[in-house]
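Trainee: With the hints as extra help, turn the sequences into a complete structure.
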Amino acid sequence: MIGLDTVEIAPRINGRETVLEVPVRMTLAEMLRDRLGLYGVKVSCEMQVCGVCTVLVDGQPVSSCTFLAADTDGRRVLTVEGLAEGDRLHPIQQAFVDRFALQCGFCTPGFIMMTKHLLERSPLPDREEIVEHFDGNLCRCTGYAPIIEAVQDAAGRLGRRGS
Amino acid sequence: MRYPTRLDAVPKVTGKARYAVDFAAHGMLFSALVRSERGHAILGGVDAEAALSVKGVVAVITGEDLAPLFPRYGHIVADHPILAIGKVRYLGEPVALVVAEDRYSAHDGAEAVEVLYQDLPTVMNPDQALADGAPLLHTTDYGVGDRSFSEAHSEPRSDNVCHRVDLHWGDVEQAMSRADHVVETSTSYPMLYGYAMEPYNALAHFEDGYLKVITTAQHPFMVRDDLARVFSLPLSHVRVTSPYVGGGYGTKSYTKVEPLAAVGAWYTGRPVKVEFDATGSILTTRADSARVTIRSGFSSDGRLLARDVDLILDTGAYADNGPLVLSKASNRSFGPYRNPNVRVRGRAVYTNTVPSSSYRGFGAPQVSLASELNMDQAAEVLRIDPGELRRRNLIPPGERHYPGKRPMDADLAADLDLLLEGLGWGKPTPERHGIGFGVTASDAGAFPVSTATVKILPDGSALLSTGSSEMGQGSRTALSLIASRELGIPLERVAISQSDTHATPYERTSGASRTTTLVGLAIQRACLQLLARLEEVAVELKGGPPTEVKAAEGTVVGPWGDLSYGEVVQEWFGGQLGELSATGVVRRAGDLAELPPFWEIGASGVKVRVDPDTGQVFPLRMVTVADVGHAIHPEMLKGQDVGAATQGLGAALFEELVYDGPQLVNPNLVEYRVPRAKDMPGEIVSIVAERGDGVGPYGAKGGGEGTLNPMGAATAAAVARAVGRWPDRLPLTPERVWRLMRESGR
Chain A
151 MIGLDTVEIA PRINGRETVL EVPVRMTLAE MLRDRLGLYG VKVSCEMQVC GVCTVLVDGQ
211 PVSSCTFLAA DTDGRRVLTV EGLAEGDRLH PIQQAFVDRF ALQCGFCTPG FIMMTKHLLE
271 RSPLPDREEI VEHFDGNLCR CTGYAPIIEA VQDAAGRLGR RGS
Chain B
258 MRYPTRLDAV PKVTGKARYA VDFAAHGMLF SALVRSERGH AILGGVDAEA ALSVKGVVAV
318 ITGEDLAPLF PRYGHIVADH PILAIGKVRY LGEPVALVVA EDRYSAHDGA EAVEVLYQDL
378 PTVMNPDQAL ADGAPLLHTT DYGVGDRSFS EAHSEPRSDN VCHRVDLHWG DVEQAMSRAD
438 HVVETSTSYP MLYGYAMEPY NALAHFEDGY LKVITTAQHP FMVRDDLARV FSLPLSHVRV
498 TSPYVGGGYG TKSYTKVEPL AAVGAWYTGR PVKVEFDATG SILTTRADSA RVTIRSGFSS
558 DGRLLARDVD LILDTGAYAD NGPLVLSKAS NRSFGPYRNP NVRVRGRAVY TNTVPSSSYR
618 GFGAPQVSLA SELNMDQAAE VLRIDPGELR RRNLIPPGER HYPGKRPMDA DLAADLDLLL
678 EGLGWGKPTP ERHGIGFGVT ASDAGAFPVS TATVKILPDG SALLSTGSSE MGQGSRTALS
738 LIASRELGIP LERVAISQSD THATPYERTS GASRTTTLVG LAIQRACLQL LARLEEVAVE
798 LKGGPPTEVK AAEGTVVGPW GDLSYGEVVQ EWFGGQLGEL SATGVVRRAG DLAELPPFWE
858 IGASGVKVRV DPDTGQVFPL RMVTVADVGH AIHPEMLKGQ DVGAATQGLG AALFEELVYD
918 GPQLVNPNLV EYRVPRAKDM PGEIVSIVAE RGDGVGPYGA KGGGEGTLNP MGAATAAAVA
978 RAVGRWPDRL PLTPERVWRL MRESGR
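Note that the protein sequences, when read in sequence, are chains A and B. Residue numbering for the first sequence follows the working numbering, beginning at 151 and increasing consecutively. Residue numbering for the second sequence follows the working numbering, beginning at 258 and increasing consecutively.
There could be a bad hint or two in this list.
Covered stretches of chain A, going by a simulated chain B footprint (3 or more residues, C-beta under 8 Å) [to be verified]:
(1) 185 to 198
(2) 203 to 213
(3) 261 to 271
(4) 276 to 285
(5) 288 to 295
Read the hints as simulated data drawn from the structure, not as lab findings. Note that the coordinates shown come from a computational prediction; the quantities given were computed from them, not determined experimentally. The C-beta atom is built at its ideal place from N, Cα and C for all residues, glycine as well.
Mentor: Here it is as structure tokens:
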């Protein structure tokens, strides 16, 4: 059966070179969760609408629920587990904590990865730019307001750190 | 005062928080469901031969295989087969569970299963279901689950009514006949999907004679009860654990997919995981749609004389929590007003649609759309300001508006004033702008039963244990804060263990906005007993008159000096070991004898602008008022209130499950649209009113869903004021609003 065909790939995952044999039909989310125990990658809508499964591949956000694991061969994959340095949270993570920008937390890793992508391109985004950037991320708990505040807070922290 | 960050925040931002879906077991099998492709049909047979030949498939389980078990569940009416038996009652109903070594084989296997159907006529809405000669979904008696709902089981069935409520006091007809004005409002509230982002999933296995289930459930103890009945096990032999729950909102109340995983494990002898996607979750549970007609009689000076309510809920194919949702919807349908004459006729009706159950607000959003719009329409007829009309009728603090229930424990008029001020009510608004608002009171808190244990360990740190769940509402933080304050030890030295039917004490539910109030009270009581125990032990160790020995702020002080809590434990046990513990119990007694434990207040509103060309509604400002007695953690409370109001806004503007014949047209997150960041008003104001009038710790009472309840009516009223015509249904899609504008000529 075609689904059981496998392929060997060598992605760099959270900074670490990794060699894996994966079924060609395996999604990136399945590989990260089931093979590598990176459970911070969540799956919900499975239609690229909710954004909870967002990870960065070569710096670009992708929906790992519909992205094939095989397509990460030779590429850099960053998940929420790759942000903190030991016990020290990344400034984006710290901003989400301090601003109460989460409740159930299921959408949080996706929002954090999208925030990282946004702030790399646009260090001081206004509200309009932030909500536009989050059009592919759903949160059912917070009403978004604290998430938007957290992004602005994180932008401030990263700006100070950079200068 | 600076409030601490959430105790679950760091695990959640680092991806380390574990949800049920993240658990696996050694030797675990995966599964996929074969779902009914018909809305109503006799099950002619399931051919599993081709599926069993798919490499990796271990078993194909059907309803017939469950004969040795009690094959159904349902805490009120046990009418819900784990897998269809004899017939299917909705499109999407589980027919067979395919269990395999990996998830690909499971899905390939499920696609290979052939099911034979003999179609039956369907009833797709309450009108069809209640028509003379309508085909019956259920014809047999399932026996009584919850005895308080004995009327829900009057079998054999001769109609499709799942549950009936008839509620009345005074003489409605006589009061209507002497009213100066009678105002009637009819509304339709849409069929909704709660969309907790973690889809339904469970992992089950049998070990040491115990059935162990890890699941995304709000009420693990009620799931335990259903599972014990299925397998004829003592309650003690079923262990249900809920780790972090990825969203609940009532949609994870009661049993969902746990029996599927459990029968998979029973049949194969191996751990079985059931994981649904969002579509599978939508096909599991939705929220009731409702048709409500309310007639109110007023005197010319705006006194409410009588309210007459007719209420029909579309409960879907199985009862689930439908009877209780109907009962709550009925209690919440006539509003928090002084009213001598009330009549409510409610029916929850079986249809060939996805079963409905609880969803945040629990019947209140459905009925408040009609009852609060009715107040606004009456204000127009009476030529009285709608805020003033409510003020004249709102039930004052300490007065009873519902015979036999707890007197009002809130100052509703004060809440309304805060809300109106926040919305800028009374100030002129530009063309095609409108403001709407509403006030509701829900009999919340559920049945008051909670048990919590608190331990002091030999280093003086404290460990709480409670059966409540952490689903984002912040119970982990709020309950730890209460214990920290009661014991007088820093929050960093308090730990909490939650939601495990073997390891934590009994908890009725984590719902009905009850956890901070009722579990908080159980924890407070446990802490008080624990302090008394520390004093008693210190007296035993050191002597001294008990009246002169006092435990507080981490220290036991007596005539002989000070001992830390940890030193008391160590000296008593003779080393760095042991622990002292106490259990706090909350029952329906004392302050909690009267139900509900508290009235949950909803006060929220919205200011909108309507696009004259497209009919699109843009919310500009949203205001919520939390009347919670005392805010244990105001930041987290505001988060709950804004989140709840946002869900209300979703139902008001976007959300609706749509059927075309037996087929659900939009069981996915592309076509079922929930609010996005872009949809939110730029101005959000969340007001907290603390008056210490609740039964919980420090005068606290529940919050977390109240602000959702008026949002439908508030949005509809805001749109009406913008376009000049009253809507009678939600959601207010651009097309519907455009039609209203055309009708009004504005």
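Trainee: Can you confirm whether chain B covers the stretch 276 to 285 of chain A, using C-beta to C-beta distances below 8 Å and requiring at least three such residues?
Mentor: holds (count 6)
Trainee: Would you check chain B against the stretch 203 to 213 of chain A, counting CB to CB pairs closer than 8 Å, and say if three or more residues qualify?
Mentor: violated (count 0)
Trainee: Apply the coverage criterion to the stretch 288 to 295 of chain A and chain B: a residue qualifies when its Cβ sits closer than 8 Å to a Cβ of the chain, and three qualifying residues are needed.
Mentor: Result for this restraint: holds, n = 8.
Trainee: For the stretch 261 to 271 of chain A, do at least 3 residues have a Cβ located nearer than 8 Å to some Cβ of chain B?
Mentor: Coverage by chain B is violated here, the residue count being 1 at a Cβ distance below 8 Å.
Trainee: Please verify the coverage claim for the stretch 185 to 198 of chain A: does it have three or more residues whose C-beta sits within 8 Å of some C-beta in chain B?
Mentor: holds (count 10)
Going through the hint list in order, the structure does not satisfy hints 2 and 3.
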